[in-house]
Structure formats: C-alpha cells, structure tokens
Amino acid sequence: MSCLPIFGELVERGCVFQATDEAGIEALLASGAAPVYVGIDPTAESLHLGHLLPLLTLRRFQRAGHRPIVVLGGATALIGDPSGKFSERVMLAPETVEEATESIRRQIGRFLDLAPDPWGARILNNRDWIHPLGVIPFLRDVGKHFPMGAMLGKESVRTRLGTEGSGLSFTEFSYLLLQAYDYDHLCQSEGCRLQVGGSDQWGNITAGIDLIRRRQGLEAYGLTLPLVTTAAGTKLGKTEAGTVWLDAQRTSPYAFYQYLLQIDDRDVGRLLRYFSERECAAIRALEEAHALEPEKRTAQKALAYELTALVHGSRETDRVMRVSETLFDGRSISDLDSESFRLLESAIPGTVVPATPEGWQLVDLLVATGLVSSKSRARSDIQAGAISVNQLRVDAVGKRLARDEFLWGRYLLLRHGRRHYAWVRLDREG
RNA sequence: GGAGGGGUACCCAAGCGGCCAACGGGGGCAGACUGUAAAUCUGCUGGCUUUUGCCUUCGUAGGUUCGAAUCCUACCCCCUCCA
Numbered sequence: 001m002s003c004l005p006i007f008g009e010l011v012e013r014g015c016v017f018q019a020t021d022e023a024g025i026e027a028l029l030a031s032g033a034a035p036v037y038v039g040i041d042p043t044a045e046s047l048h049l050g051h052l053l054p055l056l057t058l059r060r061f062q063r064a065g066h067r068p069i070v071v072l073g074g075a076t077a078l079i080g081d082p083s084g085k086f087s088e089r090v091m092l093a094p095e096t097v098e099e100a101t102e103s104i105r106r107q108i109g110r111f112l113d114l115a116p117d118p119w120g121a122r123i124l125n126n127r128d129w130i131h132p133l134g135v136i137p138f139l140r141d142v143g144k145h146f147p148m149g150a151m152l153g154k155e156s157v158r159t160r161l162g163t164e165g166s167g168l169s170f171t172e173f174s175y176l177l178l179q180a181y182d183y184d185h186l187c188q189s190e191g192c193r194l195q196v197g198g199s200d201q202w203g204n205i206t207a208g209i210d211l212i213r214r215r216q217g218l219e220a221y222g223l224t225l226p227l228v229t230t231a232a233g234t235k236l237g238k239t240e241a242g243t244v245w246l247d248a249q250r251t252s253p254y255a256f257y258q259y260l261l262q263i264d265d266r267d268v269g270r271l272l273r274y275f276s277e278r279e280c281a282a283i284r285a286l287e288e289a290h291a292l293e294p295e296k297r298t299a300q301k302a303l304a305y306e307l308t309a310l311v312h313g314s315r316e317t318d319r320v321m322r323v324s325e326t327l328f329d330g331r332s333i334s335d336l337d338s339e340s341f342r343l344l345e346s347a348i349p350g351t352v353v354p355a356t357p358e359g360w361q362l363v364d365l366l367v368a369t370g371l372v373s374s375k376s377r378a379r380s381d382i383q384a385g386a387i388s389v390n391q392l393r394v395d396a397v398g399k400r401l402a403r404d405e406f407l408w409g410r411y412l413l414l415r416h417g418r419r420h421y422a423w424v425r426l427d428r429e430g
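At position 50 of the first sequence (counting the first as 1) the number is 50 in the working numbering, and the numbers step up by one without a gap.
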C-alpha cells in the first residue's frame, strides 16, 4: 500500500525539533506502512495538554497510512523518568500506576483509530515485557551494551548530578536502560523503527537506537517534538491553578476552551500549526486576519474550538461556546433567560444553597462557590471592586443577598475579576 | 562510618531572643488601561473577626525563658567532601 508523504509536513508545521537522520526517516516512511511508536508513562489518571502533540503526531502518521503504537509505561512509571526533572521523584504506588494505565488507555481512543486492522493503532503496556525479565538476563543482555561513559554523558544525568541540592538514585539512573529496552523490544516484535517523543526524550530515544544497533544490527530512527511553551515562558497547559487535563472531570470543557481562547497572540499561530488539522496555508490566512483585528481573537477561537471539539466532542463544545459568548459579550443580565442559566450551570462552577429567611452573606457565597479561597480574601476583593453579582459591581463588604435579588427567585451569577464566574442556585425547598 | 553545610510561607531568599504573620525578588490574584490580550502603573498575597484583636505557621518532638523562626536536646530529611 502507498503512504502519503508526511515528514515534510511535520517539518513545515514546526513539529520536528530533532531527528536522528532525516533522509533515513523519509526513506523508511516512503517504503511502506511503518510502525511509529510513542511512549507515555501513566503517572496520573488523565492525559493533559502536554500529551496532545505526541498523540496528534501519531494521528498524523496514521492518517498518512502508518501504524501508531502507544506504549504505556506500566513498568517505567514505577521507576520515574529523570529526564527534564530537577530532583528525585516520589515513587508511585503500583496500584496508582495500574489505575492510571487503564484510564489513559481509554482516553487514547479519542485520538487514534484502534480498529483491529493493519492500520489500527496498538496500545501496549511495557510491564508485559519488562516484568518477566530477570535481573541477571537484564544486566547481561541489556546493561552490557551501555558504556558508563555514555550514560554519564547524557544530558538528563549531567544536569541532575551537576545541580546543587538535587541528586540521582540508581533507580532513576536505570530508567534509560528500560526505555531503550522498550524500543529494542518493539523493533523485534513489531518491526518498529521510528520513535517519536518530546524534546526531553532525545537521550532515551537515542539510547534505544544504540541498543537496537548493537543487539539486532538494525538501523532505527527517532525524532523529537518541540517543547510547547508559551510567551509567558511556561509549558503549555501548566498554570498556577494547575494542569489543563483532557479529562472533563478534572478540567471542565469550559475551562479547557477558555484556556485556549486566552492564548497569547504571539503563540496562537505556532499552536495552530502544531495542533490544528488545517493546512498551513489556511493557518497563514487565519494569522493574517488575526493580525488585522486581534481583538476578535479569530485565531484563538479557531484553536479553542477545534481542540475542544477533538477532546470533548463538538456537541459539548457548542454548549461551551454559547456559555462563553453569554458571559463575555457584554449583554445585560436581564437578557438571559432561565434556559441560558441551565446551560451555564453545566459549564461553570457553582453551588446550590438552601433558602433562608435572612438571606445570604455574599462573602459566604463567594467561598462556597470556590470563586475565592477565604472570607478574608472575599472581603478584600469586594473592597477592591473585583466582585460582581448579576453583572453589577458590589461595593459593600457586608452585602447580604435576599431572595428578591436572585434572578427568577433562584439564580445568582457571581463574578470575580474579569473572567471568573460561578453560579448560585437556591434550593427549591424552604 | 567520619567531617562540614542546610531545611523559613506557592518558589527563591533574608531574619539569628521581643519592633516577626516574618525584609526583598519571582509567581499568583485584583484594580486602572485594554481585546476575556501584551506592556505599564497601583494594591493584595496564612485563617477567623469588618479592623480591635484572636488563632495557626519558620523540618519534627520536647526544653530554657516573662517572651523563640531565632538559644538548648533528641530525632527526621537533603546536599558536599572523605572512607
């Protein structure tokens, strides 16, 4: 079967950070359907935005006719990858890794076609071949191929040993060997000769390539993706409030959409090239339109819509968009109908409170909805003019809300700052 | 095993008996300006209590003292060098 050219497109999109041998990779991909492998260590119950680029890259390979393989690190997650980490990690409990492996396995189906045919993606767990391995066979057959000098020269090892206050245990030091063994194993069992990973995976990938050359005498390849950072200097998807997860229970589709909508102008073009399925020419057109009228956030909207739809489905994304427009288009609260409020309730955080004759203290409601962290904080924020109720700014610190201030006798829309909203609903009884 | 250095709020980092809820920087949040941007300026950044205070916090547990993050004892953890 014939495959579509893909390597050039990845380069054009800026998705190739490093490649071991570009000509070799192109030749491999041109020769027919090739297995392509990405490893993910299940260290949490959900994937997050940072996992998206590797997965979407596999998706592109699959579209082009190649076969994606995702290796879940059921074994390696128990060790911990020192790459890109500045200090020794806390070891995860086996049960934790077990659960994380299963929930991540379920998430991957959204991005890859798992059909049981030759093009179907495969999801494997490296514990299946690492656990049966005995210590002595491992040291003789794998460890013997790793010269100490090369190990100590690895970036991930050097930074850890060279950093005051950090360190590196033998356990984490061995991580490299396990991942190299993964690649070697896949090469043998699946004929896989291309591994893709984040930029911090370069050392692990090349270690695998070396091992394959030594044990099997075969040439294997690797390419790394850029680390996706923002103009603010942070990793994409890492905020002060926490990680942007792909699981709707952890990061609501609304929060997910809003995060992308608020992407810095300087980043949005690059992110579209990484994540969007649009052609590069279409993305350039979007960028030009955006440059003319940046306040319209055309590019951000395109990015946010496309990714939210990919992760949470287009139906949910339409709801989330409607809520966003309702909250931010500056319309008066009285234009909202109770139907919109029901929609809001499903998208943004909020709380249900019982009706009381004496009404509610605003500071208590702000804390109850999670909009602010404490009553002291709520008071000072009210004084700073940061709090609105039903889109009207509140200036009285001791503000009490009686039933007649609730819309339709039931709802309040609280706002903290420009963009943090929460709802309050009175319980029917009482 | 030996010697030395160190553990302070989200992070870095001062403080080394009372004036310490703890200097400063970063980050974060908020206000002004805006585009739900960026940059800039301003304020806030343990909790409770509407300002008087009270409670909790400086690795852990005790102790000395009118009074401790600061002194003493034991323990835990980290780093560096030597073995």
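Since the hints were made in silico from the structure, they are not lab data.
Incorrect hints may have been included.
[To be verified] Once the Cα atoms are required to be at most 35 Å apart in a straight line, the calculated DSBU-like pairs of lysine-lysine come out as:
1. K296 - K85
2. K235 - K296
3. K144 - K85
4. K301 - K235
5. K154 - K235
6. K375 - K238
7. K144 - K238
8. K238 - K301
9. K301 - K85
10. K375 - K399
11. K235 - K375
12. K154 - K85
13. K85 - K238
14. K154 - K238
15. K144 - K154
None of the values given here were measured: they were computed from a predicted structure.
Hint check:
{"no.": "1", "hint": "K296 - K85", "in the structure": "violated (38 Å)"}
{"no.": "2", "hint": "K235 - K296", "in the structure": "holds (25 Å)"}
{"no.": "3", "hint": "K144 - K85", "in the structure": "holds (26 Å)"}
{"no.": "4", "hint": "K301 - K235", "in the structure": "holds (20 Å)"}
{"no.": "5", "hint": "K154 - K235", "in the structure": "holds (23 Å)"}
{"no.": "6", "hint": "K375 - K238", "in the structure": "holds (27 Å)"}
{"no.": "7", "hint": "K144 - K238", "in the structure": "violated (39 Å)"}
{"no.": "8", "hint": "K238 - K301", "in the structure": "holds (20 Å)"}
{"no.": "9", "hint": "K301 - K85", "in the structure": "holds (33 Å)"}
{"no.": "10", "hint": "K375 - K399", "in the structure": "holds (13 Å)"}
{"no.": "11", "hint": "K235 - K375", "in the structure": "holds (32 Å)"}
{"no.": "12", "hint": "K154 - K85", "in the structure": "holds (13 Å)"}
{"no.": "13", "hint": "K85 - K238", "in the structure": "holds (15 Å)"}
{"no.": "14", "hint": "K154 - K238", "in the structure": "holds (26 Å)"}
{"no.": "15", "hint": "K144 - K154", "in the structure": "holds (17 Å)"}
Violated hints for the displayed structure, listed by number in ascending order: 1 and 7.
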